[in-house]
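> Below are the chains, spelled out letter by letter.
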Amino acid sequence: MHSCVTLAPVSEAVVTAKSLVKRFGDFTAVDRIDFDIAPGEAFGFLGPNGAGKTSTMRMVGCVSPVTEGELRIFGGDPDRDGREIRRRMGVVPQLDRLDNELTVLENLVIYGRYFDIDRTEGRRRARELLEFVQLTDRADSRVDPLSGGQKRRISIARSLINEPDMLLLDEPTTGLDPQARHVLWDKLYQLKEGGATLVVTTHFMDEAEQLCDRLVVMDGGRIVAEGSPAALIAEHATREVLEVRFGQRRNEAHAELVDRLGERVEILPDRILVYAHDGEAALVELHRRGAVPESALVRRASLEDVFLHLTGRTLVD
Amino acid sequence: MGTPAAIRVWSRELTFTRRIWKSLTMAAFFQPLLYLLGVGVGVGALVDAGPDAGEILGGTSYFAFYATALFATTAMFTSAQESLWPTLDGFQWTEGYFAMVTTPLTPDDVLAGITINHAFRTAISASGLAAVLLFFDDTRSIGLIPAVAGAVVTGLAFALPITGWTARCTTDRSFPTILRFGIIPMFLFGGAFYPVEQLPGWLQPLAWITPLWHGVELCRGAVLGGLEAADLAVHLAVLALFVGGGWVWARRGFHRRLAQ
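If you read the sequences in order, they're chains Z and W.
Using the numbering used here, you'd call the opening residue of the first sequence number 5 and step up by one each time.
Using the numbering used here, you'd call the opening residue of the second sequence number 62 and step up by one each time.
Hints are not guaranteed to be accurate.
To be verified - Computed list of chain W residues with no C-beta within reach of chain Z, every gap over 12 angstroms:
hint : residue
1    : Pro65
2    : Ile68
3    : Met87
4    : Asp150
Claimed, not checked - Partner residues aside, some chain W positions facing chain Z, computed with beta carbon under 7 angstroms:
hint : residue
5    : Arg73
6    : Leu75
7    : Thr78
8    : Gln153
9    : Ala160
10   : Pro165
11   : Leu166
12   : Thr232
13   : Asp233
14   : Arg317
15   : Ala320
Because the hints were derived from the structure by calculation, they are not lab data.
Every value quoted in this text rests on a predicted model; they were computed, and no experiment measured them.
Backbone N, C-alpha and C define an ideal beta-carbon position, used for all residues, glycine too.
Taking the hints into account, I'd like the entire structure generated from these sequences.
This is the structure we're talking about:
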């Protein structure tokens, strides 16, 4: 049907967005954002719930029409070439959307049929992919009783059935236990090493730091910062952070004690964050000033700190 | 090249059907058999003994009168059921339709695929009924073949509007109401058990606007004959209106839900 459409080779930017807007009635979910995603890159959208990440992802996935602005994917226009673009993409949704009544293998083969991959070829690819996600022994069991981590791995295997040029992952490890998260990250890392373009939304800092070459921080439908995790931390935070707690609601009262302790101080209801290049030194100085915090810890700065600095709010609400 | 998109959607539905094909086939065969024995034969013995029975029923036995209506009522029940819970599942619980539209498939393809599935499921149950009716002298007719087609059209006249409703639902709270106050009354008053002329005059127009009555008349006429060309045209036109209107409404619902 769309065979006349020729899409750009994967050497140029895979996704280009200019002044992209998404509105639902009066509500503006995505408010004039710009970004580019290069081939082979792991690109992240980081932000709290409601920041506009998923709306952006759905536009990139060519399921949600663009309200305003320009979006090009593989050089094509989502409005016109949606089918062809989606043919080259893999999508791992937030909820797995698996057919629980069917077997793992059936799930993959049927999904392959959506791409017009015949059953024989579908089964061949499915077996390969199940090996990749280490679920070969589950091929013939129903999906329903499997664990959350296993289901997510099936979702990933399923999203690869059409050998996509780009993989969209919406909150890939939300709801998984730590061990399952690491297994999943490992698989995504392997895909990345194999040259896949990954687009990830997340509200987990560690996930963004683990997976993303580059990311944009979103808040209230806008992009508030962009760069590699390391560059963002260097720009918006210090090397180390001293976290001290004086107990609920008593942090405010210690504002004077922590004044100028580091380059910057954030006083939150439950703790005080002191941004300093040498966290230990800051702690020594705090003790010298006579403060007796309930607890104190020195850690490396993370994207969480970047987000806090940029928006004045913590990420997990 | 390749398989049409709607057929690819249907192949998922078929995979579900295949898992339950034994019970489906059994139900298609035994359910009408139960109705036929219980109502057709049982009530029929009573009705046929009445003095005006032949005149009121247009010269057929009650068994034949009732049995041929089952094409339409079964189509209605099958389609209503299939368009409620299994369809909501695609939108709300497993979100299978959302998974589909992230692939080359579009909301139109999804709707077309499940419509094909509705037609297929109705064809199975109507064929089961036709097979049973072959065993009875009163209903053994070449007309059983167009009756199956009539059942499919009747089924779609229910499936599409109800699918349109389901596309706008986030829970199944309204579903029992639809069955209780929409489907069951039609079953009782749509001319399956007795000619609608037996109803009080003011109730009759209500029967005429239900898709079920037109389906019943269509299927009954196909098997027993006696359907005027003009009536046939009206029945088909009304059913087509429900099918076409239902399609337009469902399609808008699918786009709003899946591609907002």
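> Now tell me if each hint is right for this structure.
Here is how each hint holds up against the structure:
| no. | hint | result |
| --- | --- | --- |
| 1 | Pro65 | 9 angstroms, violated |
| 2 | Ile68 | 9 angstroms, violated |
| 3 | Met87 | 19 angstroms, holds |
| 4 | Asp150 | 9 angstroms, violated |
| 5 | Arg73 | 5 angstroms, holds |
| 6 | Leu75 | 9 angstroms, violated |
| 7 | Thr78 | 12 angstroms, violated |
| 8 | Gln153 | 11 angstroms, violated |
| 9 | Ala160 | 4 angstroms, holds |
| 10 | Pro165 | 5 angstroms, holds |
| 11 | Leu166 | 5 angstroms, holds |
| 12 | Thr232 | 17 angstroms, violated |
| 13 | Asp233 | 17 angstroms, violated |
| 14 | Arg317 | 11 angstroms, violated |
| 15 | Ala320 | 6 angstroms, holds |
The structure does not agree with the numbered hints 1, 2, 4, 6, 7, 8, 12, 13, 14 stated previously, though it agrees with the rest.
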